[in-house]
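These protein sequences, in sequence, are chains A and B. With the first letter of the first sequence counted as 1, position 367 gets the number 367 in my numbering; the numbers rise by one all the way through. So my numbering is basically just the index in the second sequence, starting at one, shifted up by 521.
Hints were generated in silico from the structure; no laboratory data involved. Hints may be right or wrong, so weigh each one.
Unchecked claim - Only pairs whose alpha carbons sit at most 27 angstroms apart, straight line, appear in this in silico DSSO-like list of lysine-lysine:
#1 A:K188 with B:K529
#2 A:K521 with B:K664
#3 A:K521 with A:K418
#4 A:K188 with B:K534
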Amino acid sequence: MSDDHHDHKPTGLGRWLFSTNHKDIGTMYLWFSFIMLFIGGGMAMIIRAELYQPGMQLVDPDFFNQMTTLHGLIMVFGVIMPAFVGFANWLVPMMIGAPDMALPRMNNMSFWILPFAFGTLLSTLFMEGSAPNFGWTFYAPLSTTYGPASTDYFIFGVHLMGISSIMGSINVIVTILNMRAPGMTLMKMPIFVWTWLITAFLLIAVMPVLAGVVTMMLTDRNFGTSFFEAAGGGDPVMFQHVFWFFGHPEVYIMILPSFGIISQIIPTFARKKLFGYSSMVYATASIAILSFIVWAHHMYTVGMPLAGELFFMLATMLIAVPTGVKVFNWTATMWKGSLTFETPMLFSVAFIILFTIGGFSGLMMSITPVDFQYHDTYFIVAHFHYVLVTGALFAIFAGAYYWLPKWTGNMYDETLGKVHFWISLVSVNVLFFPMHFLGLAGMPRRIPDYALQFTDFNQMASIGAFVFGGIQLLFLYIVIKCIRGGEKATDQVWEGAEGLEFEQLPSPAPFHSFTQAPEVK
Amino acid sequence: MTDQNQQKNENSKVVKKLLLATVFMFGFGYALVPLYNIFCDITGLNGKTSDQAAVVKAADIDNNRWVTVEFIGNLNDNMPWKFRPAISKMKVRPGEPSRINYVAKNVSSSSITGNAVPSVSPGQAAKYFTKTECFCFTQQELKSGEEKEMPVVFIVDKNLPKRINTVTLSYTFFNSPVAKKEKSSVSMAKK
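Take these sequences, add in the hints, and give me the full structure.
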């Protein structure tokens with residue numbers, strides 16, 4: 001078995017292509033996500049450039065629609081999700097004292113499917129007709145009867161992504177359930193491991209439903225079935241039900257691991273234990289369970305009966321309770337702590353504040369009667385960018401700064417990190433905050449042109465977007481600089497850091513770690 | 522080594538369970554389709570009316586109340602017909618069967634089979650709207666230039682909630698995808 005060659009570290013391209021090492025695969029996931037961030041971000045820049053002025057400026061409407069569609073798909077499936085899988089690969093084995101993931105070969109396969117999935121998706125841009133142009137939610141009949149020919153490639157791409165995520169989650173669950181070091185009981189696991197365990201179960205529950213819904217689309221388009229076609233007795237509204245049955249747990253899949261990351265970072269820089277560990281675990285689980293019964297709050301305007309609207313409204317509001325518990329616990333952890341504000345902490349504090357703003361606008365939209373005004377306007381665009389950019393993405397930045405020294409053995413450039421943080425913080429708010437006002441004033445989403453009175457706020461948003469997009473190049477520079485050298489990190493890296501990866505492993509973490517299981521008290 | 526084998530055994534046990542869960546959830550995605558239809562049928566949500574002729578006991582008419590029924594005829598995009606109700610609305614007594622005609626004409630140069638899909642608005646009324654005879658129960662074929670009267674016999678249930686006093690019945694005629702396919706396979710065979 002390959003385990004016999006402990007010190008042998010494979011070299012060249014083969015190291016990456018055939019890798020079964022959780023750290024190498026984690027690295028590949030993170031780089032993949034980083035590259036996708038720039039591709040999806042580039043599309044966002046095209047969208048904001050077109051929206052800088054009213055009237056048609058740079059691109060034609062069909063191309064604009066392709067940009068909004070692909071931007072959404074890439075950011076959701078190509079950036080946020082792979083980045084979290086990358087974190088899971090790197091950290092879960094080190095945090096629970098396991099030598100590697102439970103199923104290393106499957107791990108390799110679940111990563112290497114991704115470039116093909118996104119290659120397929122992006123290739124549609126060069127196809128005759130057009131790339132998918134129906135929005136990332138691909139509502140029927142836009143994506144079935146009226147979808148461009150390339151939609152079938154999109155469907156194939158989604159299938160591949162689904163297979164990759166399901167294999168990844170199976171791996172995470174098996175690793176966490178079976179490979180914990182002796183003494184590491186479930187309730188002693190770091191919160192990040194807990195959030196990923198729950199996320200992985202969510203993925204296994206809903207990715208197959210997504211696969212099912214795109215398969216129905218495929219047979220509707222090509223094999224004469226009528227799942228979503230009214231002419232054959234199907235129902236397009238049902239598409240929305242099935243899609244959001246996947247879609248709502250999906251949004252928690254994108255946020256729960258970031259809760260985990262933040263819960264690791266805050267105690268370190270507050271130099272206190274995490275406040276309310278077990279309530280954090282239960283809150284995460286409650287959010288996950290509730291996520292299955294709130295899907296129709298995405299579709300208040302389809303013409304649901306009052307009873308349905310009331311049920312989904314109240315169930316949605318209920319989610320604010322466990323989320324509130326989390327925000328309270330983070331705040332209580334910081335209370336009277338010896339706080340210092342290194343870059344990971346700055347991103348984490350910004351996460352708490354800005355994610356809460358996003359959560360509040362979500363609560364506003366959970367109220368059915370007012371949602372009729374906000375539905376499909378820039379208000380919802382503002383909402384989900386607050387939770388996904390200043391939420392999930394900021395948590396990814398925070399986590400990257402926090403563990404980079406452990407991964408590379410070098411400290412990143414703290415000054416540049418702070419520059420990255422402050423410019424990101426200001427520009428992201430200039431970018432997304434005005435969208436609330438645009439939405440309340442009635443500007444619809446997914447349009448390339450708009451009425452004159454929306455010009456000022458759109459220009460603000462566009463300027464914010466260009467700065468926010470541009471400053472991510474600095475992050476790329478910081479990461480590369482940190483990998484290539486810099487001040488050596490100590491084994492503990494941060495003064496207040498706890499957990500197996502900081503207490504028992506050197507920096508950088510060796511290629512093979514915990515070949516002997518550590519003792520956990 | 523035995524340790525490793527034991528670990529492998531335990532791992533594959535969990536993997537099998539999780540794969541089973543994956544297959545189950547894929548199936549569940551499909552099961553949502555009939556579940557959705559049953560749910561809509563039972564509750565009458567979504568304006569869906571039954572696609573079966575109803576058998577209704579006669580005489581149980583509420584003579585104290587009028588309900589206005591409005592009629593709408595729509596055509597799907599690629600349907601070269603003309604289609605409209607003979608009258609745009611009528612007043613009925615709840616419980617009393619009423620008959621009205623829709624008129625359809627094929628203005629294209631070829632014979633076309635269509636499917637009419639009914640919808641009732643407001644959605645809450647769907648449960649109380651039954652049809653004993655309807656051209657929507659079967660497919661309708663019109664030859665080129667042919668015009669046909671299509672009858673509907675319906676009953677508004679006397680239990681219709683009091684606050685609803687207008688019900689809109691709408692039909693959309695679709696170019697039947699199944700018939701289209703059969704036809705094209707026939708023409709293929711001819712070649």
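Hints, one by one, checked against the model:
For the hint linking K188 of chain A to K529 of chain B, the alpha-carbon distance of about 24 angstroms falls within 27 angstroms, and the restraint holds. Only pairs whose Cα atoms come within 27 angstroms are accepted, and K521 of chain A paired with K664 of chain B is rejected, the gap being roughly 84 angstroms. With a C-alpha separation of about 37 angstroms, the suggested pairing of K521 of chain A with K418 of chain A is violated against the 27 angstroms cut-off. Restraint check: the Cα-Cα separation between K188 of chain A and K534 of chain B comes to about 24 angstroms, which is no more than 27 angstroms; the hinted pair holds.
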